[in-house]
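Take each chain as given, in its own frame, and dock them per the hints.
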Amino acid sequence: MSLHPILAALRKHKAGVVLIALQIALTLAIVCNAVFIIYSRVEKVNRPTGIDESNLLLITQQWVGAPSMDTPAGVQQLDSMLRQDLDTLRRMPDVMSVSSITSLPLLNSSWVGGVSLTPGAQTPGKNDIHTAMYFGDDQMVGTLGLQMVEGRNFNASEITNKGMRDQTEPSIVIVTQDLAKRLFPHGSAVGKVVYFDGGNAPSTIIGVVKRMQTPAVGWGDNFTWYSTLMPTRINATFSRYIVRTRPGQLDAVAHHVATALYNSNPLRVIDDDDGIKRFSDIRADAYRADIGMAVLMGVVCLILLAVTAAGIVGLTSFWVGQRHRQIGVRRALGARKIDILHYFQLENLMIAGAGALIGIALAVGLNRLLMSKFEMDSMPVYYVLVGLAVVMLLGQVAVFVPARRASNVPPVVATRSV
Amino acid sequence: MFGYYLDLAVHSLKRNKVLTGLMVLAIAMGIGASMTTLTVLHVLSGDPLPGRSGSLYTPQIDPLDLNNYAPGVEPPDQLSWIDGNYLLKAKRATRQALMTEGMVPLQPAQPSIDPFHAVALYTTADFFPMFGVPFQYGNGWGNADDDAKARVVVISAKLNDKLFGGKNSVGKELRLQEKAFRIIGVLGDWHPQPHFYQLYMGSYADDEDIFVPFFTSRDLHMEHDGSTDCWGNSGGDPNNLEHVNCTWLQFWVQLDTPQAVAAYKSFLVNYSQEQHDNGRFARSPNVRLRNVMQWLDYQQVVPSDTRLQAWLAISFLVVCLVNTVGLMLAKFMRRAGELSVRRALGASQRALFGQLLMESGIVGCVGGVAGLLLALLGLWLVRQQPADYAKIAHMDASMLVVTFALSICASLLAGLLPAWRACRVTPALQLKAN
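If you read the protein sequences in the order shown, they are chains V and P. For the first sequence, the positions run 631 to 1048 when my numbering is used. For the second sequence, the positions run 4 to 437 when my numbering is used.
This is chain P alone, in the form it adopts within the complex (with noise of 0.2 Å):
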């Protein structure tokens, strides 16, 4: 039976060309801009760490002076001095890292490349295992590392390449800030995409080449870029950020069950209590314990023009399905006649209306197909652009079962009310009629 339908399908659709090609490129027009739009938005508010993201927590306490203060309001979005190295030295969660950006002028042993500014995360040690930076050579550093300001570094795969050909560089010397530096790591590939942990250069922006001991950063008084924000009137010198009413660190902890993150949350709140009572806090505890999802969702990091793209996307598939639901219709019933013989020849209501989806729904494959390739088109359009989070829009397995599920779906809607219509035709009207 299938074979059949498939059969007269074809051979109806073949009559017709001007026809069916019209609903082959209105379903895929539709499915192309929608899909490219979607995957777009799609990979944007992907999941930076599968797997981890679940478990990785953001602090955020309130610090802040009276001003502004309405009672529900945000806390800031990074923590001062004082209270990220409490948190980092509290060790109350399984892991945590303390870290900030910066630019470090970098002087290459080899003469033929100039010297440039490196972008460099300064952290501390357990940043690489908690997110679960995969190592090409060497490790990162560890806890006495910290302590002892030692001058080490972890360099990013590309810089690696860069400086030293790909090769094995651990125990080799990095001049940072004419400063002598042992390589001690190389990174695998990681491109955690949202940058989550540091959005501040850029929430798609490209990874870091350097990572630093985070106090190593500030003993030598390394660069700080990002946001600093300031309270009162104290002034964000950037020399002192050790002792001024600013917040501009970013910390992160691992937190592996519910109960530890409940714990965590009241010791923020103890924390911030002790701290009001101490005088140092204006305003009465006001925390918040967010996940990597959370997070990035409070943070907004989808540009609002994507979701806007993606919501006219939608609209301009609604009005392609629409139309396709008029061209099928006007289809369907100029084959009354030839559907009123079948029925007359004994063909059921229910095989002509199969007959019909039949044919809706290759008009469905071949536009998802084409809509495919309009959608592989689009998203290397969007690939052009210049925007950081460009180069990261590719097209993955889930999007395109997504694709075909939608374009087989949409016809078989659009399918859905003409064949209706043209199975409840009445044979001995129609073939009187003829």
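For reference, chain V alone in the conformation it holds in the complex (with noise of 0.2 Å):
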């Protein structure tokens, strides 16, 4: 089929040819944009933090008159709390590992410091690297399910307790690999030294466990993998602690741990909302936002795509019925119902491509101008292809129902007057 009658008829419709192009340019733009967002919403949702994160309960408790964490002594009593308290959940039916904990990944809590090579380096340094802690005792690395990939664990006899002010350093620690990577990029990382917070005590990286994520949510971008895990439990007015349950039993030991705890020590405060957290509600929480933001952009692309399609269907609709006439002569003629089928198809198919040409230069103005504005990625060519296949074939879907009617119109239409 020659395209020169198309193009002769389309200049006839310069303005509804126009208004057609102009919306799947637009709606090719925001949809590959949109998706983009999805995808990168996604992706950063999905990442795996690293711990086994199933059958896991994070329990936050204060204590109410609790000793000084400032004194030897209160640290002290302070510690035999603890040290009661996971006794407590350890003793607890179906509970298979506990551990005093400072913060876990996701959990938006964190105690973040700096890490070098060198003794005394200035706390906020050019090249300092960041660093979140953990701090637990020896049962911190099999709780969390944290897969060592080098060196060895922690021993119950190298765990310190101090309190939380408390500005000494471990001698030993385990870092992430992707700590260690950066720190030591050629060879081990197990057995170096390095130096916190620009202390001058010395601590060894005695393993190094194969992935952990910080706790940061929404910030710290730049260190998401670099954790640190240290052998110490640190008291102070609250505690945390860390419960891995057996399978299955999650719901029960989160029900009745309350209550085991406020029967060995009473003089405590477990809060309602917060202070008992099954790992799961911890992810939803710290991705909510995420997850919103994603649905809200896939609804929108639909709605977009549906307005755009109903658009279609009514310019269409419209012109088939200004064209009544003509396509009575031309079945007349001779032109079967498949022709006029086509013609229609393919008047689409060219007011599509052309739109579709434009969006795809939106598209990507529209992401540089996103990027420019918001942090975000430059977005990868295949998406603009893909979501041009998509606005191409919503076109062909639109247009076929108005298409199939001008095709039925039977060619005695050409001799009446209308």
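Derived by calculation from the structure, the hints in this document are not laboratory data. Note that beta-carbon positions come from the ideal geometry of N, C-alpha and C, so glycine has one too. Just so you know, not all the hints are guaranteed correct.
What the hints assert, rightly or not - Calculated pairs, BS3-like style, for lysine-lysine (alpha carbon to alpha carbon, straight line, at most 30 Å): (1) P:LYS17 x V:LYS642; (2) V:LYS1003 x P:LYS394; (3) P:LYS161 x P:LYS182; (4) P:LYS20 x V:LYS642.
Said to hold, decoys possible - Derived, one-sided and incomplete: chain P residues facing chain V with beta-carbon distance under 10 Å: (5) LEU22; (6) HIS224; (7) SER287; (8) VAL322; (9) CYS323.
Said to hold, decoys possible - Far from chain V by the CB rule (all over 12 Å, computed), these chain P residues: (10) GLY6; (11) GLY24; (12) ALA29; (13) PRO51; (14) ARG95; (15) GLN113; (16) LYS170; (17) ARG293; (18) GLY329; (19) LYS334; (20) CYS368; (21) VAL372; (22) LEU403.
Put into structure tokens, the structure is as follows:
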């Protein structure tokens, strides 16, 4: 079929053609960028934290009338209260292992410090590497289900305790593989010495775990995988415990744990909302905004495609009505139904193609604009190509109904005056 | 004439229900989406203290060392103990208040209520008059109470409801951190949003439960929460915040005239210069003096996702409008026959144009009402979100007006091109063709 008659006809409907093309272009630009945002959010939400997330329970509690955490006697008293809690938790049925802990990945309550290869480095130094510190005992690695790739775990005898405001650094630590590679790009990090927070006391790396995310949510993107495990029970007026239950017993343990702790020592507060949290809840809280954004983008994309399709149906229907007689004449002159159908399909393909070409430019421009205004990456080319295919297909689907109606115009129309 | 056009427009819209429905739906969705996000943006970037915020300023001065120093770098957001106290005692502004936040264990007298941690603001006397805080019962404390480290406390209406069933509790005792405090005031309805004077607990966070005199809180070693930014090698020992190189205090002043603002700024510069000459400040004077709205803007309290959503919704509205222009064009052009009959019978182009615009105006009105309902639904959905700003997302009168204005403008705009094209039909040609 020659394109010439189609082009000639389109020239008579400039306004309509421009409007459909413009709408397709804008739809393509918005949908591509929205889908890219959805993909980035979903990718962020789906990345594993490095811990075994099932059957984990975090307990946060505060002691009432606790001794001071700034005197040695107070610290030892707090520590014995903490060890009593650990003991209580370990003796509960269906509990596999327990550790004291200061935070968890995605908890957004973090202890961030600097780590360097030289002692006494200035704390806010330019070359400082940030790391999130997790303080716990010898059960921490096992309870979290971390994967040791090198070196060894802490022994029970290596665990110390200190008051929360005590600045002394532990003599041994475990770091994540990413942090180990960053500190020691060549060779193993095990046995090497690092210094924390600009201090002068060396800490020896005794083990490396495969992966462990920091607690930060929505910030600290430059050190997401730089975590450090410290063999220290932190004594403060509050304490946190991580509990791994037997599979399927998470709810039962969550239900009984507050009572067990209150029975062993009633002088404490366990918050109703945040005191006992399943890891799945922590994950849901951390990513709720991202998931909300992804859903919103998805809904907007669908509505946008529907609106555009409706627009194409509306305008094409109008054209079919307007050319009713011409179609009859063509049919009378020997054009088959399929020829009329193809005519409208081809016409739409040309308009949509032109719109999509403009849309590609708009999509890339919009991506650049969003990159300058928001924290966003550059959109890969295949998004635009997939978007192109989608809008072309959408155009063909939308045009089918009016085009079929056009093909059903009987040749006898040509002889009738309207 | 108006009534006649209205009649014609309604007739013509009724004739083609599907097309009319599509246009109304497109406008309604565009308006609904953009008004939802714009309302959220409007609420989040609102003025927390209308009428007062213009004369409230927060000074920033730069006591840091030369690490990471570059000319023009922003000074820290907070003040250190020494600087905060100096500015407070200097009393160079009409009013000034020093503050920071913390959690305080509260032991209710009623055995039925478990002990809990109350969110506390530790501040000084001017806080209440400066921010125009309303009181339900009693008052705030005075400068004498600050100096005497008095054990007095002001509580929020919410806490008063929880502990005393909303009755006047002034004069009653409240046990904080195992010490007896006397309640001297109960706040009225006061929820500045954003929570401008203390952004560290969340920009749209819940308000404080209790207000304790600042020096009392230090005297009793009440816990300090929020960010503590330290420099040098001093470490951030929270028990010793009076003596370390850390910034951890917020300071607000009331300055009523531009002259007072300029004078205060030069006071800050002079102070920094003096400290620099003494060797306490390593950097040359680097000060900022921002009022409430400038401060909120600088702190970027509006979440970037919200701004992104607003952009998205507005581009969505544009697509919906282009769509409506297309549909309107189809609709008007289809009526070329009818319009040319009216032209032949003597209607002017202007009359036809008016009639067609009336038609698009009606589409806009109906779309606007539907869009408003969608926006209300959208805001309800936003309020179901757990984000701390979600609960304040409500439509107000100004946004209601904007919604209608936007939808009618949008549809008239969408009707302009089609109406102009359609009213330029040549009657003779059309009539002959038919």
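So, going through the hints one by one against the coordinates:
Between LYS17 of chain P and LYS642 of chain V, the direct Cα distance comes to roughly 28 Å. Compliance with the 30 Å bound is thereby established for this hinted pair. Under the criterion of a C-alpha separation no larger than 30 Å, the hint pairing LYS1003 of chain V with LYS394 of chain P is consistent with the structure, at around 26 Å. Between LYS161 of chain P and LYS182 of chain P the CA atoms are separated by roughly 22 Å; this keeps the pair inside 30 Å, and the hint holds. The suggested pairing of LYS20 of chain P with LYS642 of chain V holds, with an alpha-carbon distance near 27 Å, which does not exceed 30 Å.
Interface restraint check for LEU22 of chain P: the shortest CB-CB distance to chain V comes to about 6 Å, inside 10 Å, so the restraint holds. At about 9 Å, the closest approach between the beta carbon of HIS224 of chain P and any beta carbon in chain V falls short of 10 Å, and the interface hint on this residue holds. Interface hint at SER287 of chain P: violated, since its Cβ lies 19 Å from the closest Cβ of chain V, which is beyond the 10 Å cut-off. The beta carbon of VAL322 of chain P is positioned within 10 Å of a beta carbon in chain V (closest approach about 5 Å), and the interface hint is therefore held.
The beta carbon of CYS323 of chain P comes within 6 Å of a beta carbon in chain V, closer than 10 Å, and the hint placing it at the interface holds. With a closest Cβ-Cβ approach of about 29 Å to chain V, GLY6 of chain P is found to remain outside the 12 Å limit, as its non-interface label requires. The beta carbon of GLY24 of chain P sits about 10 Å from the closest Cβ of chain V, which is not more than 12 Å, so the claim that it is off the interface is violated. The Cβ of ALA29 of chain P sits about 6 Å from the closest Cβ of chain V, inside the 12 Å cut-off, so the non-interface label is violated.
Against chain V, the non-interface label of PRO51 of chain P holds: every CB pair exceeds 12 Å, the least being about 23 Å. Distance check for ARG95 of chain P against chain V: the nearest CB is about 31 Å away, which clears 12 Å, and the non-interface claim stands. Consistency note on GLN113 of chain P: stated as away from chain V, and its beta-carbon is indeed over 12 Å from all of that chain's, at 16 Å minimum. For LYS170 of chain P, the requirement that its beta carbon stay farther than 12 Å from each beta carbon of chain V is met, with the minimum near 25 Å.
The claim that ARG293 of chain P is not at the interface with chain V holds, since no C-beta of that chain comes within 12 Å of its own (minimum 22 Å). Non-interface call for GLY329 of chain P relative to chain V: violated, since the shortest CB-CB distance, roughly 4 Å, does not exceed 12 Å. Its beta-carbon lying about 8 Å from the closest one in chain V, LYS334 of chain P breaks the requirement of being farther than 12 Å from that chain. The claim that CYS368 of chain P is not at the interface with chain V holds, since no C-beta of that chain comes within 12 Å of its own (minimum 20 Å).
At the 12 Å boundary, the C-beta of VAL372 of chain P stays outside the reach of chain V, the nearest C-beta of that chain being 19 Å off. With a least beta-carbon separation of about 23 Å from chain V, LEU403 of chain P lies farther than 12 Å from that chain, consistent with its non-interface assignment.
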